[in-house]
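Participant: Sequence:
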Amino acid sequence: MSLKAVFLNFSGVIIDDEDINRRLVADLMLGENLRADDAEYTQYCRGRSDRAGLKDLLANRGRILSDSYLDRLIETKTKAYQQQIDCLDELPLSPHLAEFLGKLQEQNIAIGLVTGAARLQVEYILEKAELAKYFNLIVAGDDLEASKPEPDPYLLAVAKLDLQPSECLAIEDNPIGIEAAKRAKVQVVGISNIYPLHMLQRKANWTVDDFLEIELDRVDRVLSQT
Numbered sequence: 006m007s008l009k010a011v012f013l014n015f016s017g018v019i020i021d022d023e024d025i026n027r028r029l030v031a032d033l034m035l036g037e038n039l040r041a042d043d044a045e046y047t048q049y050c051r052g053r054s055d056r057a058g059l060k061d062l063l064a065n066r067g068r069i070l071s072d073s074y075l076d077r078l079i080e081t082k083t084k085a086y087q088q089q090i091d092c093l094d095e096l097p098l099s100p101h102l103a104e105f106l107g108k109l110q111e112q113n114i115a116i117g118l119v120t121g122a123a124r125l126q127v128e129y130i131l132e133k134a135e136l137a138k139y140f141n142l143i144v145a146g147d148d149l150e151a152s153k154p155e156p157d158p159y160l161l162a163v164a165k166l167d168l169q170p171s172e173c174l175a176i177e178d179n180p181i182g183i184e185a186a187k188r189a190k191v192q193v194v195g196i197s198n199i200y201p202l203h204m205l206q207r208k209a210n211w212t213v214d215d216f217l218e219i220e221l222d223r224v225d226r227v228l229s230q231t
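The sequence shown begins at 6 in this note's numbering and counts up one residue at a time.
Hints are computed from structural coordinates only; laboratory data are not their basis. There could be a bad hint or two in this list.
Ranges of calculated distance between the beta carbons of each label pair, as one might list FRET restraints [stated by the list, open to error]:
#1 Lys108 - Met204: 25 to 33 Å
#2 Glu132 - Ser7: 26 to 34 Å
#3 Lys108 - Asn38: 44 to 52 Å
Listed next, the in silico DSBU-like pairs over lysine-lysine satisfying Cα-Cα at most 30 Å (straight line) [claimed, not checked]:
#4 Lys82 - Lys138
#5 Lys84 - Lys165
#6 Lys82 - Lys165
#7 Lys133 - Lys108
#8 Lys108 - Lys208
#9 Lys138 - Lys165
#10 Lys165 - Lys9
#11 Lys9 - Lys208
#12 Lys84 - Lys133
#13 Lys9 - Lys84
#14 Lys190 - Lys9
#15 Lys187 - Lys108
#16 Lys138 - Lys190
#17 Lys165 - Lys190
#18 Lys187 - Lys9
#19 Lys165 - Lys208
#20 Lys138 - Lys9
#21 Lys208 - Lys187
#22 Lys208 - Lys190
#23 Lys187 - Lys165
#24 Lys9 - Lys82
#25 Lys138 - Lys187
#26 Lys84 - Lys208
#27 Lys108 - Lys190
The C-beta atom is built at its ideal place from N, Cα and C for all residues, glycine as well.
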């Protein structure tokens, strides 16, 4: 099989936590005596690492943060995220996620998580949802300085598995993540959990509404020709 690994984004692919993240960033802004702006959140934070997003968001308001202060903000957000998750009756996981991960595992396809979210945040959800057993690799937002749409997170994931980009597939929910994967020469499935299908179709190699629509055999045939 030409397809050796599948990389998934976290927010918007594994879990629908967009509203939680938006509220937490708004809370951090209030702590800085600044009013949150949805358009700014979308521009600077959505699809990017917490570090890159918060740094650029606050810089846009004239706040230049030291690395240590930024670390404290991210730690505050991560703890608050866990508290928000614990208040939910049910985790807002994407439909048919576990079924899809099980299918990949049965076919001996490595599974990686490539995300801008903090590692503690990601691992907390995977353990709570009993999904950690599926993942061979996690590249989190605190693992490297560069953030999507830079290709670095995907290049690191490919290198860690000792593979070639042409042997991998990314699953992304947003244009920034799709751009990062394609700049790393990794083909991409866009899943319309956050953005509408027509927006993803302009950028991704394939687009789906649900994990069950991903045709691994078809992907494998395409990869075998690259």
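Participant: Taking the hints in turn, state whether each one holds.
Facilitator: Now the hints, each set against the structure:
| no. | hint | verdict |
| --- | --- | --- |
| 1 | Lys108 - Met204: 25 to 33 Å | holds (27 Å) |
| 2 | Glu132 - Ser7: 26 to 34 Å | holds (32 Å) |
| 3 | Lys108 - Asn38: 44 to 52 Å | holds (49 Å) |
| 4 | Lys82 - Lys138 | holds (26 Å) |
| 5 | Lys84 - Lys165 | holds (28 Å) |
| 6 | Lys82 - Lys165 | holds (28 Å) |
| 7 | Lys133 - Lys108 | holds (21 Å) |
| 8 | Lys108 - Lys208 | holds (26 Å) |
| 9 | Lys138 - Lys165 | holds (18 Å) |
| 10 | Lys165 - Lys9 | holds (13 Å) |
| 11 | Lys9 - Lys208 | holds (23 Å) |
| 12 | Lys84 - Lys133 | holds (15 Å) |
| 13 | Lys9 - Lys84 | violated (35 Å) |
| 14 | Lys190 - Lys9 | holds (15 Å) |
| 15 | Lys187 - Lys108 | holds (24 Å) |
| 16 | Lys138 - Lys190 | holds (27 Å) |
| 17 | Lys165 - Lys190 | holds (16 Å) |
| 18 | Lys187 - Lys9 | holds (17 Å) |
| 19 | Lys165 - Lys208 | holds (26 Å) |
| 20 | Lys138 - Lys9 | holds (18 Å) |
| 21 | Lys208 - Lys187 | holds (9 Å) |
| 22 | Lys208 - Lys190 | holds (13 Å) |
| 23 | Lys187 - Lys165 | holds (18 Å) |
| 24 | Lys9 - Lys82 | violated (34 Å) |
| 25 | Lys138 - Lys187 | holds (27 Å) |
| 26 | Lys84 - Lys208 | violated (34 Å) |
| 27 | Lys108 - Lys190 | holds (24 Å) |
Checked against the numbered hints above, the structure breaks hints 13, 24 and 26 and satisfies the rest.
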